[in-house]
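*Asks:* The hints should help you fit chains B and C onto chain A, whose structure is shown.
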Amino acid sequence: MTVSNSANELVSLDVRRSNHSEWFTSSGALALIIFLSVAPWIVPAEFAATLMNFYILVIMATMWNLLAGYAGMVSIGQQAFVGLGAYATLYFALKGVNPFVTIPLAAVVCGLLAVPITYLLLRLRGGYFAIATWVVADTALLVIGTIALLGGGTGRSVPGLQNLTPTQTAHYSYLAAWAVALIVVAGTYFLLRSRLGLVLASIRDNEVAARSAGVNVRAARRTIFIVAAAGCGAAGAVLAISQPFIQPSSVFSLQWAAEMLFVSMIGGLGTIEGPIIGAIIFFALQQFLQQDGVWYLIIFGTLAVVIALWQPRGIWGTFRDRFHVDLLPVGYHVRRRSNIVEEVPVVEE
Amino acid sequence: MSQLLEVNSLYVHHGQLCAIDDVSFTLPEGEILAIVGANGAGKSTLLRTIAGLHRQTSGSIVLGGDDIGKLTPNRRVRRGISLVPEGRRLFASMTLEENLLVGASHANEGPFNVKRIYELFDWMPARRKQSVWQLSGGEQQAVAIGRALVANPRILLLDELSLGLAPIVIERIYALIPEIVASGVSILIVEQDVAQGVAVADRVHCLLEGKTSLVGIPSELTAQQIDRAYFGADLTPTTTGAAAS
Amino acid sequence: MIWLNILIQGTLIGGFYALFACGLSLMFGVLKVINLAHGDMAVVAGYVAVFLTPHLHIPEIWSFLVVVPIFGLIGYIVQRTLIQKSIDRDPFTTLLVTFGLSVVIENLLLEVYSANGQTVNIGAIGYESWHPGSIFYISYVSLGVLGTAVLVLLILQMFLSRTNTGRLIRAVADDREAAQMSGANYRHIFGIAAAIAFATVALAGIAYGMMTQFAPTSGGVNLLFAFEAVVIGGIGSLWGTLIGGVALGIAQQFGAHFNVGYQILAGNVLFLIVLAIRPQGLFGRKTALS
Numbered sequence: 001m002t003v004s005n006s007a008n009e010l011v012s013l014d015v016r017r018s019n020h021s022e023w024f025t026s027s028g029a030l031a032l033i034i035f036l037s038v039a040p041w042i043v044p045a046e047f048a049a050t051l052m053n054f055y056i057l058v059i060m061a062t063m064w065n066l067l068a069g070y071a072g073m074v075s076i077g078q079q080a081f082v083g084l085g086a087y088a089t090l091y092f093a094l095k096g097v098n099p100f101v102t103i104p105l106a107a108v109v110c111g112l113l114a115v116p117i118t119y120l121l122l123r124l125r126g127g128y129f130a131i132a133t134w135v136v137a138d139t140a141l142l143v144i145g146t147i148a149l150l151g152g153g154t155g156r157s158v159p160g161l162q163n164l165t166p167t168q169t170a171h172y173s174y175l176a177a178w179a180v181a182l183i184v185v186a187g188t189y190f191l192l193r194s195r196l197g198l199v200l201a202s203i204r205d206n207e208v209a210a211r212s213a214g215v216n217v218r219a220a221r222r223t224i225f226i227v228a229a230a231g232c233g234a235a236g237a238v239l240a241i242s243q244p245f246i247q248p249s250s251v252f253s254l255q256w257a258a259e260m261l262f263v264s265m266i267g268g269l270g271t272i273e274g275p276i277i278g279a280i281i282f283f284a285l286q287q288f289l290q291q292d293g294v295w296y297l298i299i300f301g302t303l304a305v306v307i308a309l310w311q312p313r314g315i316w317g318t319f320r321d322r323f324h325v326d327l328l329p330v331g332y333h334v335r336r337r338s339n340i341v342e343e344v345p346v347v348e349e
Numbered sequence: 350m351s352q353l354l355e356v357n358s359l360y361v362h363h364g365q366l367c368a369i370d371d372v373s374f375t376l377p378e379g380e381i382l383a384i385v386g387a388n389g390a391g392k393s394t395l396l397r398t399i400a401g402l403h404r405q406t407s408g409s410i411v412l413g414g415d416d417i418g419k420l421t422p423n424r425r426v427r428r429g430i431s432l433v434p435e436g437r438r439l440f441a442s443m444t445l446e447e448n449l450l451v452g453a454s455h456a457n458e459g460p461f462n463v464k465r466i467y468e469l470f471d472w473m474p475a476r477r478k479q480s481v482w483q484l485s486g487g488e489q490q491a492v493a494i495g496r497a498l499v500a501n502p503r504i505l506l507l508d509e510l511s512l513g514l515a516p517i518v519i520e521r522i523y524a525l526i527p528e529i530v531a532s533g534v535s536i537l538i539v540e541q542d543v544a545q546g547v548a549v550a551d552r553v554h555c556l557l558e559g560k561t562s563l564v565g566i567p568s569e570l571t572a573q574q575i576d577r578a579y580f581g582a583d584l585t586p587t588t589t590g591a592a593a594s
Numbered sequence: 595m596i597w598l599n600i601l602i603q604g605t606l607i608g609g610f611y612a613l614f615a616c617g618l619s620l621m622f623g624v625l626k627v628i629n630l631a632h633g634d635m636a637v638v639a640g641y642v643a644v645f646l647t648p649h650l651h652i653p654e655i656w657s658f659l660v661v662v663p664i665f666g667l668i669g670y671i672v673q674r675t676l677i678q679k680s681i682d683r684d685p686f687t688t689l690l691v692t693f694g695l696s697v698v699i700e701n702l703l704l705e706v707y708s709a710n711g712q713t714v715n716i717g718a719i720g721y722e723s724w725h726p727g728s729i730f731y732i733s734y735v736s737l738g739v740l741g742t743a744v745l746v747l748l749i750l751q752m753f754l755s756r757t758n759t760g761r762l763i764r765a766v767a768d769d770r771e772a773a774q775m776s777g778a779n780y781r782h783i784f785g786i787a788a789a790i791a792f793a794t795v796a797l798a799g800i801a802y803g804m805m806t807q808f809a810p811t812s813g814g815v816n817l818l819f820a821f822e823a824v825v826i827g828g829i830g831s832l833w834g835t836l837i838g839g840v841a842l843g844i845a846q847q848f849g850a851h852f853n854v855g856y857q858i859l860a861g862n863v864l865f866l867i868v869l870a871i872r873p874q875g876l877f878g879r880k881t882a883l884s
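Residue numbers (our numbering), protein chains in the order written: chain A, 1 to 349; chain B, 350 to 594; chain C, 595 to 884.
The following block holds chain A by itself, in its conformation from the complex (with noise of 0.2 angstroms):
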């Protein structure tokens, strides 16, 4: 392409997503998918176990980036959609489907439950809309607690999983919440790349510019609460077929909502690969503090007020910031295509 500068000269420039990195990124990446296909045939049972449970917050933690991070909606009530997502699996599997099945179901029951939601919510802002996703949750749960067909408020375990050994629902719990985790890590990347995503950055610069322009920013925000709500629903199905029995108070604490948040602050909000490090991290400090009860909470919370207060960019947003690395880069680079004078990035991620 061609543009004018000041000088009214004529100038390529070279417009492209990434730089350097790519083909190493994705060489990369490539060898780590297909190390952590078979996993959990070569790790020990114990450590895939791990990695499950760290898939499922890895995708809890990547929806409520796209929500907060990319949307701008501070929601402390994801848990609502974890718990459904679980209870639909359940609901599904009790009548008789597959529970493996049940997922993708789960997801879209999900996505369908938060679209009436929206027309409630959004038009809240900011801690309103944030305590108001909390009531919604609590709802949820009350609701679901009334259920006698889903074991009420003591619960029930999802059937259909007996006739498999324990070590092939180990086997394809872990295949699943691995196969959920590529599919949302992917979906949201290319969901950003889309022009959905110009939208969403449009709206994190200048939300009137925006509104000026022509940009709908209530369906944009609609599109991704929906989003995040099926992404959440298809970890709680996860969770529920991981786990020998399913309970209200467990499926939709607001732990879920407290480690998204967290994750993803630390990690780095409005990067995608912000939740990933944020869990790991996450996950480390669970393992390393695991006999003193709730002190990786406490400290990981810590953590994450002083990232908000002082390293807002997270740890991968400060780690791109400085070294200029873009792992799955979702805006663009112009170069001047002949010697490289200066690089301007035209939406920064």
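Simulated from the structure, these hints should not be mistaken for laboratory data.
Do not take every clue at face value.
[Stated by the list, open to error] Here are the simulated lysine-lysine pairs, BS3-like style, with alpha carbons at most 30 angstroms apart: (1) B:Lys478 x B:Lys464; (2) B:Lys419 x C:Lys679; (3) C:Lys626 x C:Lys679; (4) B:Lys560 x B:Lys419; (5) B:Lys478 x C:Lys626; (6) C:Lys626 x B:Lys419.
[Claimed, not checked] Simulated restraints, written as ranges between beta carbons of each label pair: (7) A:Val38 x C:Val854: 48 to 56 angstroms; (8) C:Ile871 x A:Arg204: 47 to 55 angstroms; (9) C:Thr806 x A:Val97: 42 to 50 angstroms; (10) A:Val97 x C:Pro726: 53 to 61 angstroms; (11) B:Ala544 x A:Asn206: 30 to 38 angstroms; (12) A:Val306 x B:Gly413: 42 to 50 angstroms; (13) B:Arg477 x A:Val306: 44 to 52 angstroms; (14) A:Val115 x C:Gly855: 22 to 30 angstroms.
As the structure is a computational prediction, the values presented were derived from the model and not from experiment.
We put the beta carbon where it would ideally sit given N, CA and C, even for glycine.
*Replies:* Same frame as chain A, now just chains B and C:
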């Protein structure tokens, strides 16, 4: 005559946009300086920077010999700078009197108090318990002036007094200015309405795209000179071209 | 008679919600910040009352005389440091920081004091009640809390309308910049508003401990109720908060009448209905939403 306010090569940026570009002027004690210019010339930014609501990129603001460029707005009030902001900005949930009382809460020593304001605007006492949103635009402007005056400023900054008001109301408000100056207050006035600003001022400072385009004494300036400085009609087209790049 | 009892019990508990919520409402009105750790501060105040007062050799019923001023001071300090720092970043950060604090405080309490319930021991009067017509009972503690709530709201109302500092708080709430132009140091005013918010929520926390057992997780639940009371009553209206609290209390008692499991659900449903039909609340102004 001593200089009360000195602004020296002031630069102010809004993000990457340079809103005030190397502006200098002085205001002697007891004078009225009018800053005129078109929409977006940087007049309001200049006043807000002097009041402390924007931070300058470089340059200094000196009041009575002290550099006040790093003080918070509320400290500048205590040094004797009061702003009547554009759009009046009254406290909407309060009565007329409460607005004045807030203005008096951090007042300096001086001739003004709420009683004196009520003498200046004799319609006020009867309506002091009314909510400010029940007042007309001109009345609200009067309350805004009263709220600033009651703090006993050395300099009163008036931002777009005439905006949205009927000519007769504007005239009445401007009629008060000599009385205010007589009680020892210097005035820095920003106006889009050039005629109004020029009529009342001792000196005029014209801004164009953040730069000083004309400085002078109203009686010595021709209407044509002011128009050129205001619209920038005599400036070469290259200037606008450079601004766009 | 059953319905009258629902009204009475709902009103009593509604007074508590209003006491809990008025600080939340004030802080939002002035600072435009929703303190998601508001509920946890109440619980901390409860623990301080239970574990500090034995050392002071005063009856626990008077513990608020010590704890409330301490929390006022804490509120001022927390505002001038953490909350102000996050306000200076953006509104988004205030949510992340206060939610983070909430989780940290709750888990710290769990570690230090375990999940066991605690009560503020006020002796036999805690269990006594008044039986007018011997059909329904009115707990003296609940009545005292309702009276305290009304008294606190009255004092707050007088303070905001009659005193110089109160006027400055309202001025900052109306227009922060214009208040600065009148010489007000808005950060100091923010600190005072936060001090009042923390002091009232400490009082609410101690009142809660007198009414029932509290545990580290009590903060979140009560924050939810307080928030519902604020929204139902109308954002930024002190007396609206009392009406909202009472409406919420009655809705909960009404739900509980059919099934104990419906108690909280009925409150949530009322909240969601108000949100759907009249998002500015019963006494709120529409402008508060945007």
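*Asks:* Please flag the earlier hints that this structure goes against, numbers listed from lowest up.
*Replies:* When the structure is compared with the hints, only number 8 turns out to be violated.
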